[in-house]
Structure formats: structure tokens, C-alpha cells
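A.B. asks: Residue numbers (this note's numbering), protein chains in the order written: chain A, 194 to 468; chain B, 194 to 468; chain C, 194 to 468; chain D, 194 to 468.
No wet-lab data here; the hints were simulated from the structure.
Some hints could be false.
Treat identical chains as interchangeable: a pair holds within one or across any two.
To be verified - Pairs of lysine to aspartate or glutamate, DMTMM-like flavour, derived with a Cα cap of 25 Å:
| # | residue 1 | residue 2 |
| --- | --- | --- |
| 1 | 309 | 246 |
| 2 | 445 | 407 |
| 3 | 271 | 407 |
| 4 | 225 | 277 |
| 5 | 225 | 404 |
Nothing here was measured: the structure is a model prediction, and the numbers come from that model.
For reference, the chains in residue letters:
Number of protein chains: 4
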Amino acid sequence: MANFKGHALPGSFFLIFGIWWSIKYPLRYACKKNKKVCSFGSKVGLQRLEIIEGATKAVFALIGMIAEQFVPDGPHLKLYNSEEKQWSHLMNWQHSTMYLFYGISGVVDIITHTTKAVPVAIDRMMLSIAVFVEGFLFYYHVHGRAMLDVHVHLLLLVAVFGGALCIFLEVFHRGNIILELFRTSLCILQGSWFWQIGFVLYPPGGGPEWDQMDHSNMLFITMCYCWHYAFSLLIVAVNYGIVTWVVQTKMKNGESLEMELLKSREREEDSEDEI
Amino acid sequence: MANFKGHALPGSFFLIFGIWWSIKYPLRYACKKNKKVCSFGSKVGLQRLEIIEGATKAVFALIGMIAEQFVPDGPHLKLYNSEEKQWSHLMNWQHSTMYLFYGISGVVDIITHTTKAVPVAIDRMMLSIAVFVEGFLFYYHVHGRAMLDVHVHLLLLVAVFGGALCIFLEVFHRGNIILELFRTSLCILQGSWFWQIGFVLYPPGGGPEWDQMDHSNMLFITMCYCWHYAFSLLIVAVNYGIVTWVVQTKMKNGESLEMELLKSREREEDSEDEI
Amino acid sequence: MANFKGHALPGSFFLIFGIWWSIKYPLRYACKKNKKVCSFGSKVGLQRLEIIEGATKAVFALIGMIAEQFVPDGPHLKLYNSEEKQWSHLMNWQHSTMYLFYGISGVVDIITHTTKAVPVAIDRMMLSIAVFVEGFLFYYHVHGRAMLDVHVHLLLLVAVFGGALCIFLEVFHRGNIILELFRTSLCILQGSWFWQIGFVLYPPGGGPEWDQMDHSNMLFITMCYCWHYAFSLLIVAVNYGIVTWVVQTKMKNGESLEMELLKSREREEDSEDEI
Amino acid sequence: MANFKGHALPGSFFLIFGIWWSIKYPLRYACKKNKKVCSFGSKVGLQRLEIIEGATKAVFALIGMIAEQFVPDGPHLKLYNSEEKQWSHLMNWQHSTMYLFYGISGVVDIITHTTKAVPVAIDRMMLSIAVFVEGFLFYYHVHGRAMLDVHVHLLLLVAVFGGALCIFLEVFHRGNIILELFRTSLCILQGSWFWQIGFVLYPPGGGPEWDQMDHSNMLFITMCYCWHYAFSLLIVAVNYGIVTWVVQTKMKNGESLEMELLKSREREEDSEDEI
Chain A
194 MANFKGHALP
204 GSFFLIFGIW
214 WSIKYPLRYA
224 CKKNKKVCSF
234 GSKVGLQRLE
244 IIEGATKAVF
254 ALIGMIAEQF
264 VPDGPHLKLY
274 NSEEKQWSHL
284 MNWQHSTMYL
294 FYGISGVVDI
304 ITHTTKAVPV
314 AIDRMMLSIA
324 VFVEGFLFYY
334 HVHGRAMLDV
344 HVHLLLLVAV
354 FGGALCIFLE
364 VFHRGNIILE
374 LFRTSLCILQ
384 GSWFWQIGFV
394 LYPPGGGPEW
404 DQMDHSNMLF
414 ITMCYCWHYA
424 FSLLIVAVNY
434 GIVTWVVQTK
444 MKNGESLEME
454 LLKSREREED
464 SEDEI
Chain B
194 MANFKGHALP
204 GSFFLIFGIW
214 WSIKYPLRYA
224 CKKNKKVCSF
234 GSKVGLQRLE
244 IIEGATKAVF
254 ALIGMIAEQF
264 VPDGPHLKLY
274 NSEEKQWSHL
284 MNWQHSTMYL
294 FYGISGVVDI
304 ITHTTKAVPV
314 AIDRMMLSIA
324 VFVEGFLFYY
334 HVHGRAMLDV
344 HVHLLLLVAV
354 FGGALCIFLE
364 VFHRGNIILE
374 LFRTSLCILQ
384 GSWFWQIGFV
394 LYPPGGGPEW
404 DQMDHSNMLF
414 ITMCYCWHYA
424 FSLLIVAVNY
434 GIVTWVVQTK
444 MKNGESLEME
454 LLKSREREED
464 SEDEI
Chain C
194 MANFKGHALP
204 GSFFLIFGIW
214 WSIKYPLRYA
224 CKKNKKVCSF
234 GSKVGLQRLE
244 IIEGATKAVF
254 ALIGMIAEQF
264 VPDGPHLKLY
274 NSEEKQWSHL
284 MNWQHSTMYL
294 FYGISGVVDI
304 ITHTTKAVPV
314 AIDRMMLSIA
324 VFVEGFLFYY
334 HVHGRAMLDV
344 HVHLLLLVAV
354 FGGALCIFLE
364 VFHRGNIILE
374 LFRTSLCILQ
384 GSWFWQIGFV
394 LYPPGGGPEW
404 DQMDHSNMLF
414 ITMCYCWHYA
424 FSLLIVAVNY
434 GIVTWVVQTK
444 MKNGESLEME
454 LLKSREREED
464 SEDEI
Chain D
194 MANFKGHALP
204 GSFFLIFGIW
214 WSIKYPLRYA
224 CKKNKKVCSF
234 GSKVGLQRLE
244 IIEGATKAVF
254 ALIGMIAEQF
264 VPDGPHLKLY
274 NSEEKQWSHL
284 MNWQHSTMYL
294 FYGISGVVDI
304 ITHTTKAVPV
314 AIDRMMLSIA
324 VFVEGFLFYY
334 HVHGRAMLDV
344 HVHLLLLVAV
354 FGGALCIFLE
364 VFHRGNIILE
374 LFRTSLCILQ
384 GSWFWQIGFV
394 LYPPGGGPEW
404 DQMDHSNMLF
414 ITMCYCWHYA
424 FSLLIVAVNY
434 GIVTWVVQTK
444 MKNGESLEME
454 LLKSREREED
464 SEDEI
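Construct the complete structure from the given sequences, taking the supplied hints into account.
C.D. replies: Pasting the structure below:
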């Protein structure tokens, strides 16, 4: 969907996952150091969490695929227009393919954490492949469009391929908090940048259009991308700080973190509702 | 051989190896975890298997080289046409060179697993080099052809260089099941994509030709490549599931896996016959 | 600030840090081997040092940002010129963004070494990101300028991306003296190259201008870059030699290194004053 | 020196080192496994060998630099021709710079193995830098020449950057026989390719010139490069086989390998004389 909503949808998905990760990983890290107080750190609890995460990913991917296929001007599962002798709605099909691989990654997550027959690192490998495929399709996707349009999408590729590489490294360094936070920050960057692309290419509310060929617009957008990343780092840092502070406070009070975890989940659902 | 058969031949080689690996590596992984029941896991058995695999690789490479050299319009080992003062049949010679390196890799496999004087990781290093050389030659191979022709070959390079990198990593992480399955999936992708190239560039049965300069064809082909990979992942996953299920059933029955292994080999030969 | 001072300022920052590192890392390495004599090697002392270093980095970044914003022809925090309907002073804003990320890195350094809640490797990760962002912005920064101007900036990218990669590796190999010395040499290279860029593009004292389109100038500048690196390696080697010699002499005399450390700090401040 | 000798000289240097390494590393590997019989494996002996190797490297680099500077049409240490207001003999200066970094690497080798104050991995790091600088200068070196000329030099870069990467990995995996053999094969490839470049661009004995713009020449040369590598792999394999066989025979006879080592050195010097 080459319109505002078509960028806001994936943007929201990435933002939700990024913000969730920015709570989950610091929480796990803090719990690992203070084993007594956290019931969160239990193996069964973590596994259940991973399964829920995988299922959410798969559902998001399904929503994305259905949206791309069955919007009014979508392909409705029709790939080849035999009357006009040409492919129909290739853009929507490409987006569907991107969602498909995230869906596979979600399913693999569920399988990995429900059975013991599969090596756990497979979930990271598959996520890395999904992210790489997204970048791979984007790379050819924007061929032949206006300069600014191409540029904003290519900038996205830095986050995408950076993320794919980071997740691939996690196959070998599983549970490395540095890589997990790095991935989180790139995920939030991707999410917020999708929204930015929507605002730049399809100004909502009939705002003024951006001059697609203006060189200074390109320079500004590149810099803007860095600001998004600084902002993304800030979110990760703030959430890290809050989570660590809460865990340490709990540790002193000797209370269970169970409740806190529930709250954080609710908060997550709230942010989901907002978007 | 720039025709349908010239792409179907290597495609079949890669498919056979890919499907074989998608049985072998899950089998070894399942056996490692259930050591009692598997006679497959024995060191001598595995070594013999590696030698057979190496010999098969070398034979396939030899068949490929002979086919490229002695087809009716081939070079018949003649490199320079001194009458016309120019190189003759450079394409066939380039293909022969690609096969040559796979042949070397096969020979190195055999040597590695028959003598103890050679470090074992050499087999992966040599395979990585062979795959890299294939990609290296392909990269310059397609210089100056039609757009779609170039594009379908360049897409192949993603699988080829990805494979070379993955195998190079195996030099340091030998026996890592994640890397082995990743390599397997890329190998199947290469095999099926060779068939796809054949169908696109030389439609068999006098089908309609593809418009080589149509931009939407390029977009479709890129997406199609991703579908091939999704399909390849499916094959690996299904075979992994079957193998794991069989091993676990056997484990319960306490029977030897010897018979199963024989069957899997037969199945492989069947699929070889089909192609 | 596209003038001589605008290049001399960051150049001096990098030189100061590079030369400081070329003393610090050999000193720590020598002390680790001769634990008895060095009070420098104490954990608390090292931590305090890291905090001072982080604070210095943050202050340098702040100076850079203020200089870029409030020079007479600077943007004075104004981003959009609504009269002329275009972005104003984008160059200065880009430079400010580069400094911003180094500033974040400095702040993260301080946080990392004052609290135990944050994994230590975060400081390297953030520095790696800061260096990468510098390179990323430079890459698009020079779009559309004269050939020599582009070339001298692109050469810088080799040191920048090399540095980013090296620091990223330090996340996994923290305290590896080889990587630390390599980073040091690249940092000095960057510093001296910024000065060189200033001299080439804005010859001070009304010297003769360089012909921006002359091919032989490009060849010379490329070679000159290598000489700068050879020079940078020499500085690192000489400082390494002096530090090691001093530590070994002290070891024999059994004196504390405390004094020496103080001196090295003073020496550093001197070189700061000079620039 | 843009002539046949200017390519034969570095080619010979690389060949000598490559062939020497193809004896040294298998010898060390075989000796490590059969510790009793080899006096070669002694620490002091190995260290002395490394020092000799470093000194040889430095001397070769010095010969190269002097040759580039003081050939009849060389720059004779003059960099700027102030009469014609342009740089003089930039090519020779670039070659000198390449040799310079190999010289530094040789000196670093000597320092590393004579004192204990320097971490040993520095020798690999410096060699990696030297190889990278060679590739870096070559990349810009060939700008604006004829197609075939550019192509044969760019092909060289595959071996050069591959070698730089391989040696960089050795910093972390020192003594890994796979990487050492890989480096050896790339070194021989570089050596033989320098000779090939000489024959292609400056056919000795007044042979027919190659058509620099013929596309099929480019295709042939690319393939030829692969054959050189196959040949290089063969040399490494044969030398590996001979060395291993000799060591195993000696082991049975219980004789010292001292004599064998002397012979191999003499053989090396012979091949040096020939060239």
C-alpha cells in the first residue's frame, strides 16, 4: 500500500516490538543479577514469554499480509492479470512477501520454544533471515523512483542490514545484552522511520508536499535519520533505567516482580491501542 | 552450455546435495543427542559417509566438465582458435573452471577423511573457496547481457556468496547445526534457482519468451527468488521434522537406525533418477 | 564551518585523544604484566580515569556543537528559514549531529563507570555507533562537491569505518591490546588528516590553491594519506616504547608509578594547550 | 616501474615468501603432532626463524624501494618538479609507499620476536595493515587506464584484500593452520599473477600485444586468474604432502629434522637465485 497507512502499519509493529524489547531485555538482565527476587527469571516463565512473542509476531505478519492483499485497491490474491498480460499489484505482493518471512520467523519461534528437538539458536537465525529478506526486497523495490523517495528507503536499509547482522551475531553470542539492546534500538529506529517516511511521502491532512528533487531536502533527511536514532537510543536508555531502578527497589522490599511484569504488559497493550 | 540443459544439470547437482544434507545433518544432530540407539553416529561410519560424499561431488564435477567440453557445440578442449585469432567457447571454459573447483573440493574431502595428516577443517575451507570461485566467475560472466538475464544471475550470487561466507564460518564453528542447516537451505535455493533460470531464459516446449527489458518482470523475479527460499526453508524444515520423528520413534523401539539410513539413501537415489 | 578552523578543531580533538590513548593503553598493558609496582593498575584508579576521559569527550563534543551553532555565520539553533522556504546552514547542523553522538558516547562512558547496573561493554558499543554515524553523515555530506574535496573526505572514511569496526570488535574482545593500539593509530590518523584537509582546501596564509580537478593531485593525496598513517604508527610505536621503558625502569627501582602518571597527564594538558 | 621488470620483481618476492610459507607451516604443524623427533619445534628455533623472516621481508622491501627510486627514469627521491609545477614520478612513489609498509611490517616482526615487551599478535596486525595498504593504493592506482590494464590489477585486489582479511583473522586465531595455508595460497597467487600482469601488459621479446579493449580477453583473463589459484593450491598441497611425508619418515627413523630444515632453506635460496 503506497500510502500513509501502508507505512504507519509496519512502523507501529516495529515500534511495539522495539519498546517491548527495551523492557524485556533489561528486565531479564537485571533479574539474572538478582536471582532471588525475580520470579520472572524462571525458565518456564521465559519460555512462555518467548512463545507469546512468537505468536504475536506471526499474528502481526498475518494482519500485514491480509491488509496488503485485501485493501480495496489490492491484488486480492491475484498475481497475474492475463487480460493486460502483466503482473498485477507487484508492490503489494512484495510487501506480503516481507510479512511472510516475519510470519515464518514467528512460527519458528513458537516451535523452537515448545519442543526440545530443535536447537534454540534457530529462532535468531530465522529472524536474521527475515530481516535480511526485508532489506533485500527493499533494495530492488525502490528502483526507478524519485530521488527523495529512493533515499528515505535506502536510509532504512542501514537499520535493516545492521539489524540482520546483529541478530546473526546473536546466533553465536546468544543472550549478549549489548547485542540485544543494539537490536532493540535499531528496531525502534525502523519503526519511527517508517512513520517518518509516511509523513514525508504522503503528508497527511493535505500538508505541503516535499520537493523530491531538492538536494538540501536529502541532506536534511539524512541528518533527521540520525536524530531518530538518537531518540531511539534515548528510549532504550530511559526504559533500561526505569526497569533497573524498579528491580533494585523490589529487591530491597523483597517483593515479587510478578505484578510489575503484568503492568508492563498492560502498558504495552495500551501503546498498541493508541496506535 | 547456454541452454535449458546447461542450467538444469548444475541445478540438479545442487538439489541432490541440498536434499541429502537436509537429511544428513538433522540425522547426525538427533543421533548425537540419543547416542545409544544410533549406529549412524559412529566415527568410522561418518567418515565413510564423508568419503562417499566427496567422491560423489568429484564425479558430479567431472560429469559437468565433460558435458561442457564435449557437447556438440563445445570447445573439445580447444581454448584458442588460431584461425580467427580469438578465444573459442569461453563460456564453456568458464563453466568447466567452476566445476573444476568443486572437483578439487571433492578430492580434498576424500583426502581429508582418509588420512590423519591433514587438518579436518580443510574440507570446509576448500568448499568455501569453490563456492566463492563460482560466484566470482558468475559476477564477470554476465557482463553485457540483457537486463533480466543479468538480474537472474546476480540474484544467484546472494545465495552463492552467502553460502561461501557460511561455509567459511564453519571452518571455525565446525559441526554447528545452525550453520549447516543454513548452508543446506542456500544449496537447495541455488539448485531450484538454476532450474528457474533455465525456465525463464530458455522456455522449454516453445513457451512464450520473457520480455528481457520489462521492469515489472525484474520486480517479479526478485520476489520469486524469495519464494524459492521460503520453499527451500520448508523442505529443510519438513525433512528435519521427519528425521527427528523417526529417530525418536526408533529410540523408543530401541532398534538400530541402520535400516533407516539405507532407506534414506535409496530415497535420495530415487530423486536422482527423477531428475 | 567550512573553513580552516572548522577542520582544525575536530582534528585537534582526535589528535589529543589518539596521543592520550597511545600512552594509556601501553601503560595499562605494561602494568598488567608488572602488577607489583604499578598503582595505576588499581581498579578504582582505572575507573576514575575512564570517567575523566568520558567527561572530556562530552566537553569536547559540547565545545564542537556550540562552535558550529554560534559562529558568526552559524545557524544559531535556527533550522528552517521560513522566509526563503529552505533549510538553513545544513552543514553546521550535520557537524553538530556528529558532535552530538560523540557527546552521547561521553555521557554513556560516565554512566557505565559510575554505576554497576550497566554492562561495561556498552561504552565501546556507543563509541562504535558514534564513529559510524560520523562516517555515515560524511558519506552523504560531500555529495556534489569538487573532485579533490570529495576525495579527501572519502579517504577519511577508511579511517572512520575501520575505527567503527575495530571498536565494535572490542565489544567482544575487551582489553585486547592489539585492537586498542589499532584504534589509537586510526584516531591519530583521523586527527592529522583533518588538519591536512584544512591545509588542502583552505590554504592558510593565502598560499596557492590546489587544483581541485587535477588527477595527479588525487594520486598524491591518496599516497599522502598512507604517509600520515605511517607517521601515526610511528607515534604509537614511540610512545609504546617510552612507556614500556619507563615502567620497566620503575619496576627495577621499585618506585611507584603514581608520579609518572601525573606527569603523563600534564604532558597531555600541555599538548592540549599547544593546539 | 611500469614495465615487465617492475612486475616481475614484486612477483618474485611474493612467490619466494609463498613457497617458503608452504614449507614452513606444514613443517611446524607436522612437528607439533610429533614433538619428540623435531628439534624444529623448539621455541628458540622458531623465534630465530621468525626474526630471519622479518629481516628478509625488510631487505626485500628496501630493495624494492631503492629499485623504484633509482632506476634511470625514476624520481631519485624528488617528489615535486617545481619547474613544471607538478608532481614527478607519482607511480614510483606509490610503489615505494607499498614497499615501505612491508618494510615496517618486517621491522615489527623483528622487534616482536626479539623483545617480550610487545604482544606477539602485533606482527600479524602490521602485516595485515601492509597488505591492506597495498590493496588500497592499487585501487586508486589504476584509475583512468585501459580496460584490460584496470581489470588485471583489480583481479589482484581479490587476493590482496582476501589476504588482508585472512591475516587480520590470524590476530585472533594465531597458529590456525587453515588460515596460514589460505594465506600462503593467496600469497603464491599474488606472486604468479604479478608475473602474468607483466606478460600481458609488457609482452617480453616483442611478442604480439594484447587488445586492451577486447571483451573476450577480459573474460579469458578472469578465468586465467582462477587457474592461477588452482595452480597455487596445487603447489601448497604438493609441498604439504612432501613435508608431511618427510617428517613421518624421519619420525620412524628417529632422526633429527635439523638437517632437513637446512636443506629446505638452501632450496629456498636456490629459487631466490634463479629469479
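A.B. asks: Go through the numbered hints given earlier and state which of them the structure violates, listing their numbers in rising order.
C.D. replies: 2, 4 and 5
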